[in-house]
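**Student:** If you want the building blocks of each chain, they are given just below.
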Amino acid sequence: MTEEKKVTRKKIEATRVCKKIMADHFYEMDEAVKTGSRKIAWCTSVGPAELLRGMGFLVYFPENHGAMLGATRMATDLIPYANALGYSPDICSYLTCDIGSYLQKKTPLTMAYNIESVPRPDVLVFNTNQCRDVQDWFAWYSRELNVPLVGVHTHRDIGDIEPIQIKDIAAQIEELVPALEAVSGEKFDMDRFKEAVGYSRRTSELWRACLETAAAIPSPWTFFDATIHMGPAVVARGTREGMEYYELLLPELKQRVKDGVAAVEGERHRLYWEGMPIWGKLRPLSEQFSSLKACVVASTYCNSWIFDQLDPARPFESMAEAYTELFIVRDEPFKEKYISECFEKFRFDGIVFHDAKTCPNNSNNRYGMPERLSKKLGIPVLTINGDLCDLRCYSEEQTKTNIEAFIEQLEE
Amino acid sequence: MTNSSEGVFAGVDVGASRTKVAILDREANLIGHCVRKSGTDFSGTSELCLDAALLMAGVSREAIRYCISTGYGRKNVAFSSETKTEIGCHAKGCYHYFPMAMTIIDIGGQDNKVIKIDDQGRRINFKMNRKCAAGTGAFLEEMSARLDIPLEDMDALARQSTEMVELGSYCTVFSGTEVLEKIRQGKKVPDIVKGLFYSVIKRVLEMDSLTDRVAMTGGVVAHNPYLVDMVKEITSREVLVPEHPQLTGAVGAALFAMEAANR
Numbered sequence: 000m001t002e003e004k005k006v007t008r009k010k011i012e013a014t015r016v017c018k019k020i021m022a023d024h025f026y027e028m029d030e031a032v033k034t035g036s037r038k039i040a041w042c043t044s045v046g047p048a049e050l051l052r053g054m055g056f057l058v059y060f061p062e063n064h065g066a067m068l069g070a071t072r073m074a075t076d077l078i079p080y081a082n083a084l085g086y087s088p089d090i091c092s093y094l095t096c097d098i099g100s101y102l103q104k105k106t107p108l109t110m111a112y113n114i115e116s117v118p119r120p121d122v123l124v125f126n127t128n129q130c131r132d133v134q135d136w137f138a139w140y141s142r143e144l145n146v147p148l149v150g151v152h153t154h155r156d157i158g159d160i161e162p163i164q165i166k167d168i169a170a171q172i173e174e175l176v177p178a179l180e181a182v183s184g185e186k187f188d189m190d191r192f193k194e195a196v197g198y199s200r201r202t203s204e205l206w207r208a209c210l211e212t213a214a215a216i217p218s219p220w221t222f223f224d225a226t227i228h229m230g231p232a233v234v235a236r237g238t239r240e241g242m243e244y245y246e247l248l249l250p251e252l253k254q255r256v257k258d259g260v261a262a263v264e265g266e267r268h269r270l271y272w273e274g275m276p277i278w279g280k281l282r283p284l285s286e287q288f289s290s291l292k293a294c295v296v297a298s299t300y301c302n303s304w305i306f307d308q309l310d311p312a313r314p315f316e317s318m319a320e321a322y323t324e325l326f327i328v329r330d331e332p333f334k335e336k337y338i339s340e341c342f343e344k345f346r347f348d349g350i351v352f353h354d355a356k357t358c359p360n361n362s363n364n365r366y367g368m369p370e371r372l373s374k375k376l377g378i379p380v381l382t383i384n385g386d387l388c389d390l391r392c393y394s395e396e397q398t399k400t401n402i403e404a405f406i407e408q409l410e411e
Numbered sequence: 000m001t002n003s004s005e006g007v008f009a010g011v012d013v014g015a016s017r018t019k020v021a022i023l024d025r026e027a028n029l030i031g032h033c034v035r036k037s038g039t040d041f042s043g044t045s046e047l048c049l050d051a052a053l054l055m056a057g058v059s060r061e062a063i064r065y066c067i068s069t070g071y072g073r074k075n076v077a078f079s080s081e082t083k084t085e086i087g088c089h090a091k092g093c094y095h096y097f098p099m100a101m102t103i104i105d106i107g108g109q110d111n112k113v114i115k116i117d118d119q120g121r122r123i124n125f126k127m128n129r130k131c132a133a134g135t136g137a138f139l140e141e142m143s144a145r146l147d148i149p150l151e152d153m154d155a156l157a158r159q160s161t162e163m164v165e166l167g168s169y170c171t172v173f174s175g176t177e178v179l180e181k182i183r184q185g186k187k188v189p190d191i192v193k194g195l196f197y198s199v200i201k202r203v204l205e206m207d208s209l210t211d212r213v214a215m216t217g218g219v220v221a222h223n224p225y226l227v228d229m230v231k232e233i234t235s236r237e238v239l240v241p242e243h244p245q246l247t248g249a250v251g252a253a254l255f256a257m258e259a260a261n262r
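Residue numbers (numbering that gives the first Met the number 0), protein chains in the order written: chain A, 0 to 411; chain B, 0 to 262.
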């Protein structure tokens, strides 16, 4: 009987530190909630975290919690509780699993860190650059917990960015200050804010450099590794610890490149992943690609935490630039050009589009882009149907067969 | 003329609905074949199916030089040396019969596939149906149960239609209730059955555009050749069908086995 070969992979040494940063992030907030020592802001993944750091808040990211719920496969059981409240199974499953988690008082933080519940917020801060769902998500908690809700409304579907758009977003971020001061009880400190922007900028530069090591043949790491190692870039954005993590990771990856260490032993195919990770299936997918000698070398998703427009000398404006220029808020021609440029850099042989049922904003296969890119770049494309967290939208066998057939096609 | 004295090559296609085995001689002639319900014991069924195909070919198991399995249960075939996906095997099998660039439409028990190959038989692109079974053999099985008519009578019934009843739903379960509604309205069974066939074709044609020549494979086409006529009519294209459309994947697997044995 034929069986898939189990692949053993060389561990990334920095993982231990990565885990510690993630644990400390949650322990620090848990402690703050218990002692009342620091105020806590909930922030959307690409919300104004630097401003919140600069104003002394500890920052919690519900989207990160959503990813944890997905990765631990708790999400699918929790989503129906939010559905029953009127939040459709067709909307963001980060939203529905997180609200389900709140309703059922179940969180992966308990198993991972022995923390009873997520930290209660003092303020909720969103940015609609990801989607409208984040605003509705935070609005639910605002009503439920009677916590103030503030946010930034980003322009969407942007081609060329106009100065007026940057000016508007910068003004919106600046306008958050009085509301945040009222919650924190502290006066806004420009120097501390600039320091946070500086850390974010450096973190971004290092994160980009880490991701770009995958341009090497063979690649020293995969998209699946990067989804784990981006943790500090997400939750510790705007902190020294976040920055220092990538000062540790980057040399390790560079050394791997120098030594010719392959993330996928005998790398034969290089792929690009477009769309959200399927959090509950990261390991099986990673193992399947590895067993087929295919390395997913780059992704739109991991690149979305590169904010190297940030400039401490122009904190509000540069934040506006960073959070407006990112992939997800751009129009189709920009996105096509972006992936084409990645193709030049990472030299992949095919693209896997993940059509995430509950995340249309991050599913770029829906308006013919796979077909256009396939023609333009002369490489095959594959679309798989799934979801970021809701495994009811995922068919394991069909996905496996699609991926296997795609690799067979590359080998012909 | 067949030649099995130098060994044979076996392809086993364990589909969600049916298991198919093809035995080829060294000149790629189909000398034995078998189709059985896959049931719940994929491994056992594939063994029985292989034995029947070998009996037809007039050779023993020892004559098998190489065996490749494919299909939903491809990993459950104890005697196969290697697996290939059904997408690859249908492309391989179809190109064997029609060596040209084409779009292959395979309608199986659980999956639909639209596969495009170039004039060298290389795959250019493929698409599988999304998760649900709309437009597959499972859809027709479900509908035959709803209508309480044997599956094997559907082709003849569809041909009797004088006024097709079109169904609107994308969902198999909702199509079932839609069919009951049509019965309530007094629509004729042949017209409903033709509507069901048309629904299958619509689901396939929306998966991908058709380019070059078109070929159809799979068990649904094997048992319902009227579907081929309907595709011809709807698309105004000539449609090629291999001699044993249900065996195309198994033949493709056996052809891969032949290549593997000669590596």
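Please keep in mind that the hints were generated in silico from the structure rather than gathered at the bench.
If you're wondering where the values come from, they're calculated on a predicted model, not measured in any experiment.
The reader is advised that the hints may include incorrect statements.
So the derived label-pair ranges between C-beta atoms look like this [claimed, not checked]:
(1) Thr-71/A to Glu-81/B: 30 to 40 Å
(2) Tyr-169/B to Ile-227/A: 34 to 44 Å
(3) Glu-410/A to Ile-233/B: 44 to 54 Å
(4) Arg-262/B to Lys-344/A: 54 to 64 Å
(5) Tyr-169/B to Thr-71/A: 17 to 27 Å
(6) Pro-79/A to Lys-36/B: 33 to 43 Å
(7) Ala-144/B to Glu-395/A: 48 to 58 Å
(8) Thr-34/A to Thr-39/B: 54 to 64 Å
(9) Lys-9/A to Ala-259/B: 28 to 38 Å
(10) Pro-283/A to Glu-237/B: 38 to 48 Å
(11) Pro-283/A to Leu-54/B: 31 to 41 Å
(12) Glu-81/B to Glu-30/A: 34 to 44 Å
(13) Lys-36/B to Pro-283/A: 24 to 34 Å
(14) Thr-14/A to Gly-57/B: 42 to 52 Å
A few chain B residues facing chain A, derived, Cβ under 7 Å [claimed, not checked]:
(15) Ile-86
(16) Gly-87
(17) Arg-121
(18) Met-127
(19) Arg-129
(20) Arg-158
(21) Ser-160
Result set (DSS-like, lysine-lysine): computed pairs, CA atoms no more than 25 Å apart in a straight line [what the hints assert, rightly or not]:
(22) Lys-356/A to Lys-292/A
(23) Lys-187/B to Lys-399/A
(24) Lys-399/A to Lys-115/B
(25) Lys-292/A to Lys-126/B
(26) Lys-374/A to Lys-74/B
(27) Lys-292/A to Lys-74/B
(28) Lys-375/A to Lys-36/B
(29) Lys-344/A to Lys-253/A
All C-beta atoms, glycine included, are put in the ideal place defined by N, C-alpha and C.
**Student:** What are the numbers of the hints the structure violates, in ascending order?
**Tutor:** 3, 4, 5, 7, 12, 14, 20, 21, 22, 23, 26 and 28
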